[in-house]
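Trainee: Here are the chains, one letter per residue:
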Amino acid sequence: MPTLSYIMVAVSFFWLLALPHQDYSKRTYVSENALLPGSANVQFNWDDNLAAEAYRDTVQRIAFLPSIERAQALEQQFAALGLKSATQNYTLNTSTESLHGVNTYAVFYAPRSDGTEALVLSASWRSRDKTTNTNAIAMLLALGKTFKRGSHFSKDIIFVVSDGEAEGLQAWLKAYHGNEEHTYERHEEPLRVRSGAIQAALNLDFAGTGDYNALGIFFEGVNGQLPNLDMINTINLISMGIAPVELTLHDELIPYTDNMTKNYLNSLRKMLYQMKYQAVGTPTGNHGLYLKYKIDAITLYGIDRPGWPSQRFNLFRVGALLESAVRSLNNLLEHLHQSFFFYLLSDVRRYTSIGLYMPPVIILGVSFIFQALSLWGLSSDLPLELESIAEGDKTIPVALPYSRRSRNFKVASSTMGMAVVTGAATFFLLTTEFGLVGETPMLKLVASVGVCSMLVLSAVSTAHVRVRIIKSVSTAQKSRATHDDTKGSSSINHSDKTQNVADQELTPAADWIMLKTLILALSALIVTTMSALNFSLAVSIGVLIVLPYMAFRPSRWTVVSIIEALILLAISPPGLMMVASWWYAKDPSEVLSWVLREYEILGTWLLPTACFVYWPLNLAAVIMVLLPVS
Amino acid sequence: MRASSPCLLLLSGAVLALSAAASTTTDTIPILKAPEAFHEQLVLKPLNDGSVYSHFQFTTHIGTMMDDDHFDGAASNLFKHYNLFPRSIGQILHSFEVEELHLTFTQGRWQYSDWGYPLAPSAGTGVELWAWLNDDKRQTEEHWKGLTNTLSGLFCASLNFIDDTITTEPKLSFRNEGLYNTHSVPTTSHNKNNSTIPRKLRYGSLPHENVCTENLTPWIKLLPCKSKAGIASLLKSHKLFDTRFYSMAVHVRSVCEDEKCRVRSLELIQTITAVFDVARHDGSFDWSLSGLFEREITQSCPLASTSKVIVNLPQTADVENQYSLVPHPPQGIHSEGSGDKKQEIAVYDLQKVLPGTTSPFQLALHWEGSRPKLVRAITPGIVAHRYFTGFGQERGGLAIEIRNNNSQDIEAVYLDTLPWYLKLYLHTFSIQLNGNSMDNQRDLVQKMFYQPAVDRSRPAVLELALRLPANSLVKFTVSFDKVFLKYTEHRPDANRGFDVGYAVITAQLPREQGQIGFGGLDHLRIYQEREAGLVQGRRSGKQEKEEKEGETDKMRVYTDTLLVSLPTPDFSMPYNVITMTCTVISLFFGSVFNLMMRNFEVVKPSSSSSKKSGKGKEKAEKTE
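So the sequences go chain by chain: A and B.
Under full-length UniProt numbering, the residues of the first sequence are numbered 1 to 630, in order.
Under full-length UniProt numbering, the residues of the second sequence are numbered 1 to 624, in order.
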């Protein structure tokens, strides 16, 4: 069984690596027939382009005003177009910082529509590039002007210009759904203008005032949620037809190549990029916030890469593309539901569906289970026979049927329990503000690492002491027995053997076996459960822990045990944090405060998962390798 | 008892005959000589946001229905002989014993905060039908069903879908408009006795019903001149359905024709309301009649008693002479109200304007610089906003915000009908006044009627009698659970969700500026020369009262309709299962059948020479 589980791990790894390969992915296609991408004539003309350029100047002029003033200036611009516009104040106090901002939003009421459905076009003041999102905001205004002319919209169109990074749009979305809070930590002003249920959203990110080489699509949402694939397919078709632009995933431009290996490597890179964002749970843009509300959304990002060979495009092309996309989404008769919600993209036009990518992670989970089962069986097997039948002079050892060694679960369960409690304590320590002087997240983490090491030390030392005591007791018994034997007569051999057998009967399986069984079973549970919620997170956890957790066991040589413990420490949350800070050349405290911030603002699962699930398992594993062998 | 109740307005001929027998005192009152009359009017008003409001109103009234004392027998002809009154409507009224009927088709949302209140009383998106039915024979249910089905056929609309799961009987809203209308004296003994007639209200609405030309055509057919002559010749569907708001209605009610309500007539009012977005293309607020409708009025309807175009001029503030109206009305511009409420009105009598010339009637309004410089802002008395809170398909909440902009407390009635698949939790009902939650809800909600929903048979109805404090924002919230429907109960477009109809707020509002007309449909009676004296007389009579409390109008404010998404199964799954099983079965059946029926034979090598002939033989066997 152990060999089988290692084979399964190998199969799973190879399967995962095969996923980006061309033969495993299919070409994307528009599944929802109502969308009819690019079939409507585009109204966005040169006059609108001129208007967009004029708006660009306006936006540039107001961009550096204080939040409230620029929001009001924008509100007036929207109102001048004949749209209902308003502003929204919000305040967000996290454990480390205080954020305040003002959102502007405007609603275009579709003529003769009942206003039950709406589409959102949004842009935040700050682009991904940390510069002003000038072109995107100008584009919103110009599109508002274009849409006002038409009478063929069946859905209202809401324009949102959010302040800050993600928190602004989040405050707006919360208030739109009537969930605004009025506490000290979070304060969101209720909205004054509303429309119907939002069906889909496009988030624009066109930084600066220049032209662009290509259009990047960002689609990963909070906690690995994904929008319906038809959102991407729609843009895809439009970018090939009515508004020709070069399209890519994320902000990476990869030259076309015929080379198989290169293609594979490019696909792998794209897929890893997606999986990285999904696993961390951070949205790649403001579109990610919509997904929680069951609104399909993507971010369109203008990539400006001077020197790139593709044809550059300006606001005119962007306007045509966006109008066509909105018209296409406007055609929707139902909420987007036809196409895939679970997919991995290896290219903007190639996808791998859930049916293909789920098996490897399930196989991984099963390999954990197999290993755990084999250990579980081992723990009850009797290493020696209980009864001996005398056959003449010789005694033949015979196993007693249905006899099993008793399993002692106390140490394993209490260790695991303690580890979970420690993880939970770490979580609360990190997320609560105590108001102490010089209180930083890093300090808190160091404190919790200290607590954890205390736990490990105490658990390991007690276990060792306990084993010593048991050993001394048994040796004392043994010596007493041999003493009796020498006093008595006949077969020393025989009595010694029975005594041995009795000893074995007394001592249950070693604690580390029980603990390892528990760890493996829990790992299987976590990896398989999580694969349904956030595939990428499940895969990364699974791949990271599968070999160490399966292979490591206490060794007779202390050095080996210590090396194992060190490796486990390296893949523990603080260890991974150090690795990440080294990889991105950042201060570890920055990485930590980033994780905290993401949790507090967006509610990503990374911190809770690390504290409640991953770290306890890791701690238990460290304890396991340091436990006495016998 | 029946015969002695003198003020019965019974539309069935049989009962009328009965009541004719009774006679007590005599009094000399004018008898309307014309048993039928038709009036056509068009009201135009430029709105502040550059749109142009147009309201067509065609009034046909029939019979001089008198009370028993003055019954002259002429009314017994009612529903036996049709001249101007459309027969199709008359027969419906007669056979289903309908006393009052209101049917409105609406597409688009009325923007109360920009446009004020419309003349037509109903403005909720979709179709709204309500009727008061005579319950003498206790056949209301059958009559209502018959009525909805007949109207469905008449107007080519899905009115037959107004079944028990949609129909409600509001307790406070949608009161009888006929004999209780503003022109009757409410305290006479006649009206008191009226309440003894067993009458039942039925109300139903379809929020997602689309309105288009197929509904307009039968509507036009009800007019005496169709769209051949008169104001109705402007009704070109291409232009009417390219507007921001379109509403079309049929109202039937009995009204009083004199002060003491002794002479009555049955009134059929047909209205079309359209809001044109003239500034859409070039941003210019100028408009002309031919530009709006792409048609012209060449003659007034010869059958019409009056035929008028009424322009409510823009309420410009401070800056004078911002616009010019071409041509200037022959009778000059008169004004209603004073101060802030002043409304200048230009009236064109088509029967006087058109006969003199051969050219069609022209009308245009030009702004200086094609846009107004300054217009008086509109503050509608009550604005309501209703929306769903929460997300996900398991539970949700409903929030209603009602803003009272008046400087006085307003009595209002709130009516909300929610489909049975939203399980309302009344204990979660809470009220906020200006953002603070209220402990004592009694101050605000004076009465509450709640009819819990019954699964698959009736909707939940929540009706509140409210007292809205002056200048306040009242917010109600209530939570609900979403029901998991049976898979056959989903519509074909299951993932779209279900439409939840509007809520209606009925309130007596003081006449603030921004209202297009006063008194709703009755507003235009002044221009019908029908009982202008009556209206004016009542106005002047009420002058003293007016000074004290100001005039009020009964207004209905409609909220937007909503879309709720219920838990929806993946409908492709049953399809997959079906295709899968079918494939397996066909493969299994095919192979088994093949194995059972096919006969394997060894082909003898000796007949290699006669291969061709052998094959031919096989073929021959098969064909046999």
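Don't take each hint at face value.
[As the list claims (entries may be wrong)] Within a straight-line C-alpha distance of at most 16 Å, the following computed EDC-like cross-link-like pairs (lysine to aspartate or glutamate) qualify:
1. K276/A <-> E252/A
2. K262/A <-> D282/B
3. K294/A <-> D282/B
4. K482/B <-> E180/A
5. K200/B <-> D242/B
6. K148/A <-> D164/B
7. K148/A <-> D242/B
8. K148/A <-> E394/B
9. K292/A <-> E394/B
10. K475/B <-> E252/A
If you are wondering where the hints come from, they were derived from the structure by calculation, not from laboratory data.
Every value quoted in this text rests on a predicted model; they were computed, and no experiment measured them.
Trainee: Next, verify each hint and record whether it holds.
Mentor: We went through each hint and held it up to the structure:
A threshold of 16 Å between alpha carbons decides the hint, and for K276/A with E252/A the separation of about 15 Å falls inside it, so the pair holds. For the proposed pair K262/A and D282/B, the alpha carbon gap of about 54 Å is over 16 Å, so the pair is violated. Simply put, K294/A and D282/B have alpha-carbon atoms about 38 Å apart, too far for the 16 Å limit, and the pair is violated. At roughly 22 Å between alpha-carbon atoms, K482/B and E180/A are farther apart than 16 Å, so this suggested pair is violated.
Taking the CA atoms of K200/B and D242/B, the gap is near 38 Å; set against the 16 Å cutoff, the hint is violated. Our distance criterion of 16 Å between C-alpha atoms is broken by K148/A and D164/B, whose separation comes to about 41 Å. Annotation: proposed proximity of K148/A to D242/B holds, straight-line Cα distance about 13 Å (limit 16 Å). Under the criterion of a C-alpha separation no larger than 16 Å, the hint pairing K148/A with E394/B is inconsistent with the structure, at around 36 Å.
Proximity of K292/A to E394/B is assessed by CA-CA distance (about 14 Å); at most 16 Å being required, the pair is judged to hold. Pair hint K475/B plus E252/A does not hold up; C-alpha atoms about 49 Å apart against a cutoff of 16 Å.
The structure fails hints 2, 3, 4, 5, 6, 8, 10 (numbered hints given earlier, in ascending order).
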